[in-house]
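Q: Protein chains in written order, with our numbering: chain A, 1400 to 1673; chain B, 1400 to 1673; chain C, 1400 to 1673.
Please note: incorrect hints may appear among the correct ones.
Any copy, or any two copies together, can satisfy a pair, since identical chains are not distinguished.
Simulated pairs of lysine-lysine, DSBU-like, Cα-Cα distance not exceeding 35 Å [stated by the list, open to error]:
(1) K1507 <-> K1579
(2) K1507 <-> K1486
(3) K1596 <-> K1507
(4) K1403 <-> K1596
(5) K1579 <-> K1486
Simulated from the structure, these hints should not be mistaken for laboratory data.
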Amino acid sequence: MSQKQQLIDQVIQAWHALQQQSPLVQCITNSVANNYVANVLLAAGASPAMIDNPFEAESFTQISSALNINVGTPTTEQTQAMLISAKTAQQHQVPWVLDPVGYGEILKWRSETVDQLLQFQPTIIRGNASEMSALAGNLTQSKGVDSTLNSQDVYAQAQSLLQHTECIAISGESDYIISKELGIVIQVNGGCHLQPKITATGCALGALTAAYGAVSSPTIAALASHIHFSIAGRLAYDQAQNVGSFNVMFLDYVHMLDENLIRQYHSIQCLESV
Amino acid sequence: MSQKQQLIDQVIQAWHALQQQSPLVQCITNSVANNYVANVLLAAGASPAMIDNPFEAESFTQISSALNINVGTPTTEQTQAMLISAKTAQQHQVPWVLDPVGYGEILKWRSETVDQLLQFQPTIIRGNASEMSALAGNLTQSKGVDSTLNSQDVYAQAQSLLQHTECIAISGESDYIISKELGIVIQVNGGCHLQPKITATGCALGALTAAYGAVSSPTIAALASHIHFSIAGRLAYDQAQNVGSFNVMFLDYVHMLDENLIRQYHSIQCLESV
Amino acid sequence: MSQKQQLIDQVIQAWHALQQQSPLVQCITNSVANNYVANVLLAAGASPAMIDNPFEAESFTQISSALNINVGTPTTEQTQAMLISAKTAQQHQVPWVLDPVGYGEILKWRSETVDQLLQFQPTIIRGNASEMSALAGNLTQSKGVDSTLNSQDVYAQAQSLLQHTECIAISGESDYIISKELGIVIQVNGGCHLQPKITATGCALGALTAAYGAVSSPTIAALASHIHFSIAGRLAYDQAQNVGSFNVMFLDYVHMLDENLIRQYHSIQCLESV
Chain A
1400 MSQKQQLIDQ
1410 VIQAWHALQQ
1420 QSPLVQCITN
1430 SVANNYVANV
1440 LLAAGASPAM
1450 IDNPFEAESF
1460 TQISSALNIN
1470 VGTPTTEQTQ
1480 AMLISAKTAQ
1490 QHQVPWVLDP
1500 VGYGEILKWR
1510 SETVDQLLQF
1520 QPTIIRGNAS
1530 EMSALAGNLT
1540 QSKGVDSTLN
1550 SQDVYAQAQS
1560 LLQHTECIAI
1570 SGESDYIISK
1580 ELGIVIQVNG
1590 GCHLQPKITA
1600 TGCALGALTA
1610 AYGAVSSPTI
1620 AALASHIHFS
1630 IAGRLAYDQA
1640 QNVGSFNVMF
1650 LDYVHMLDEN
1660 LIRQYHSIQC
1670 LESV
Chain B
1400 MSQKQQLIDQ
1410 VIQAWHALQQ
1420 QSPLVQCITN
1430 SVANNYVANV
1440 LLAAGASPAM
1450 IDNPFEAESF
1460 TQISSALNIN
1470 VGTPTTEQTQ
1480 AMLISAKTAQ
1490 QHQVPWVLDP
1500 VGYGEILKWR
1510 SETVDQLLQF
1520 QPTIIRGNAS
1530 EMSALAGNLT
1540 QSKGVDSTLN
1550 SQDVYAQAQS
1560 LLQHTECIAI
1570 SGESDYIISK
1580 ELGIVIQVNG
1590 GCHLQPKITA
1600 TGCALGALTA
1610 AYGAVSSPTI
1620 AALASHIHFS
1630 IAGRLAYDQA
1640 QNVGSFNVMF
1650 LDYVHMLDEN
1660 LIRQYHSIQC
1670 LESV
Chain C
1400 MSQKQQLIDQ
1410 VIQAWHALQQ
1420 QSPLVQCITN
1430 SVANNYVANV
1440 LLAAGASPAM
1450 IDNPFEAESF
1460 TQISSALNIN
1470 VGTPTTEQTQ
1480 AMLISAKTAQ
1490 QHQVPWVLDP
1500 VGYGEILKWR
1510 SETVDQLLQF
1520 QPTIIRGNAS
1530 EMSALAGNLT
1540 QSKGVDSTLN
1550 SQDVYAQAQS
1560 LLQHTECIAI
1570 SGESDYIISK
1580 ELGIVIQVNG
1590 GCHLQPKITA
1600 TGCALGALTA
1610 AYGAVSSPTI
1620 AALASHIHFS
1630 IAGRLAYDQA
1640 QNVGSFNVMF
1650 LDYVHMLDEN
1660 LIRQYHSIQC
1670 LESV
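Whenever a hint applies, use it, and build me the whole structure from the sequences.
A: If you want it as structure tokens, here you go:
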């Protein structure tokens, strides 16, 4: 059986486990994404809880099956909660996803928080090409974000982040998943050009990655969530070609995904690691 | 006329009053629910206002027709606002609903806030079975939440909360409304299994209960909001069997409810009080 | 060419510029509106960023193409961010829109913030009739908000606000745009009676006004956003007559608007200034 076939089988296993276990996913996310993230997790089969205050962070992370931290619109209290929950997740081996929204020179406050969060070894780091490039560039003392970088450059550069995490997921026209465990890069195709036109899809993808992280290895978690979204996006677009209607159908297909749809519509490619 | 028939007539009266008066409902609710709650209240005929800061809480509660407090994602400032508004509501006889989201051992900070809020005698307490059981259990020195409790056990146990409130509403597959005034328990059937798959439906139900509380007695307020949601859920499901589409239709039917639909589709049962 | 025809040509130009430039619009808005505002801006062609903390406000406003400040559900940190960003916008000539949600006697804290924000000379002030009347009344030492004021009275009264801004937009059954530059009042008709039944439509209109402000003069920015919304509302209502479905179609039409639809469906009238 090919590596690709093995990966898809594991994704299907992860999807079944998500349905059966409905893992409790703590989300500390931004105010734009909160409602959407919760609905996407519910539709996908997980059980979301948006516990984002510093007074309950420690006790709640301890009983959570996974944790999603997204720095999109941080407040002082949320920032405190992020640091407490990330530390707790590391101590209690709760898989957690870091989504460094807006990381870079312009937004220093959140970027400093992200730098601090990295010490707690996120299981998976997920972001768009600009964010991941900035995050990797910061580590190598380079500065600034070049939005014209192509994906190949970004994923090559982003590998330096593997010192902090098990797995990196970079979303874009094609998504790239960089696995420390397997030493490979997996390209995920599909999705729909309307997805960037709907706010918080990236944030929801990060949260879904955390949910899958509760029931599978880091690589499979990232791969499963990205395949989940790319298939739902593709099938939704067959039904609705405009943003409002598309978003309704997208939620429907996030919920309707099943083993057959994964087998029929996945589109991935295993690339050599750099 | 049977008690059941009398109750339904009063629910219909409450619905008409809601349309005519469009009461101003102050909501201090969570960041996941905020937008959805506002849309549900508007669709139902009420006038929502999400005033949740401690600096405006007192003056705004004084002019509000009802108040909804939901501790889903509390911040320090919101918690201060809750205490001020609850106190003001009690002083000015503004009917108010307490929704103790997540009450229990794990989330101590909000639970302590809920304990403090109880002293201001919420008109109605509304929650799911786990929350209500924890809230009642706390009062009787028992600990923990057993999610496998059946509804009968929960509503029997929850009656101890009547020392703090006029009416208790417990949502689940069937909802139970415990009326101090009438000394009965009313079971509300219907709804749709997709409702728990959409975030903040419970929060919106609490807010709608507050809205009805502005125009009717506590028992009728709780009964009207639960019937409103159960009929809208049932009719929406006839049109759309998936989460995204269902949610759109649900809002449509929250808006379309009328006297005839209430008469035709309500499904309630009066049980003896324990 | 008539003045009206010239205005419509400039609106069309602004719409094209919005599509081509996709300006970065910083939004400091309320928790009810956040997600909806972002989706409306994306659908319309702009690039929203909800940066609302005081630690990143200055650096982000400097690189933004426009700024939208909405005081709907202020926190202490957001209030600080508003003041910093408004000041920065004035210094760096970033066009900015002030949306004084709930301005008046009852909500003093936010009203004081609005009073402070006025010193930074918002490019455009946008609100409903009650808010604008209160805001103008405050300046002339009168008190209270009369919701039964007719639009003519409000827009006459609101002209006193021109000392603080280039342009005033008052939304209602008909919208009124008061231009200091042109010395005229433009009435925008259309839209749909369901729009007030959906929360945050006014907030989204303010944000869209800011987006157009990045690519056109204040008058054209206000006119373009109000025409954009009134046409999308009208066409959405042709497809869907209920709140949930209407809202989905509304987003679709915000996205689908184009030159032809603007030419065909705009309905404006130039009135003499008072």
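Q: Quick one: which hint numbers does this structure break? Sort them smallest to largest.
A: none
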